[in-house]
Amino acid sequence: SAVISQKPSRDICQRGTSLTIQCQVDSQVTMMFWYRQQPGQSLTLIATANQGSEATYESGFVIDKFPISRPNLTFSTLTVSNMSPEDSSIYLCSVEGVVMGHTEAFFGQGTRLTVV
Amino acid sequence: QKEVEQNSGPLSVPEGAIASLNCTYSDRGSQSFFWYRQYSGKSPELIMFIYSNGDKEDGRFTAQLNKASQYVSLLIRDSQPSDSATYLCAVRSNYQLIWGAGTKLIIKP
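As you go down the protein sequences, you meet chains Z and E in turn. Residue numbering for the first sequence follows this note's numbering, starting at -17 and increasing by one per position. Residue numbering for the second sequence follows this note's numbering, starting at 727 and increasing by one per position.
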């Protein structure tokens, strides 16, 4: 299993500002995933972060709005830039690991972001 | 576009009864299927996974998979108030996990 420490757990931010979310994993992983979960909605993948290369963004998400860093195999950050109220959501980082022969997703505690 | 569909609920079940949660998926090539439980304000946690057609039992939980119908379900026997949560269905298609919106389950004492 993997233990993921994500911070901050919550924040209230002014529109137009930026917030950086940090994610630390207790083991080395190739890929880290950043999700957004809006109330009553599914987990939506924002991007996949690989160490040593640029993140791969999903349709509807762009690097200018959600820049990602991946400086090593245990750490990643997601920045939500130039925030608007529509960015209010829960942001989750995730890794996948093999447990007893199957691949399982593990999540950080989540960051609850409110933009006012 | 690959999709995973779930009834958002809430699904209300009396304590001690069987809760039945359903999920359909669009990608016929999907290889593996997962049920995650998410308590309010918490992160999802895996409770069951299934790869092959048929039933898989783990304690009070049974996952059922029918690939021909593109349908996966989760049964919870002897439901407890602590089972009250949102249950997320996830389907692995190629390398990516596709998530359903979740079904909110309420177990009434």
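Possibly wrong hints are sitting among the right ones.
What the hints assert, rightly or not - Computed Cβ-Cβ distance ranges for the label pairs, DEER-style:
#, chain 1, residue 1, chain 2, residue 2, range
1, E, Tyr821, Z, Val98, 33 to 39 Å
2, Z, Thr61, E, Ser795, 24 to 30 Å
3, E, Ser795, Z, Phe57, 40 to 46 Å
4, Z, Ser51, E, Asn748, 35 to 41 Å
5, Z, Val81, E, Pro807, 41 to 47 Å
6, E, Tyr777, Z, Thr2, 33 to 39 Å
7, E, Ser795, Z, Asp(-7), 41 to 47 Å
I should point out that these hints are in silico values taken from the structure, not numbers from a laboratory. C-beta: ideal position from N, C-alpha, C; glycine also.
Now for the hints, and whether the structure bears them out:
Hint check: Tyr821(E) to Val98(Z), Cβ distance near 37 Å, so the stated range 33 to 39 Å holds. Restraint check, Thr61(Z) to Ser795(E): a C-beta distance of roughly 43 Å breaks the suggested window 24 to 30 Å. About 43 Å separates the C-beta atoms of Ser795(E) and Phe57(Z), a value consistent with the hinted range of 40 to 46 Å. The beta-carbon spacing between Ser51(Z) and Asn748(E), approximately 40 Å, falls within the hinted interval of 35 to 41 Å.
In this structure, Val81(Z) and Pro807(E) break the distance hint of 41 to 47 Å, their C-beta atoms being roughly 28 Å apart. Checked against the given bound of 33 to 39 Å, the beta carbons of Tyr777(E) and Thr2(Z), roughly 38 Å apart, stay inside it. In this structure, Ser795(E) and Asp(-7)(Z) meet the distance hint of 41 to 47 Å, their C-beta atoms being roughly 44 Å apart.
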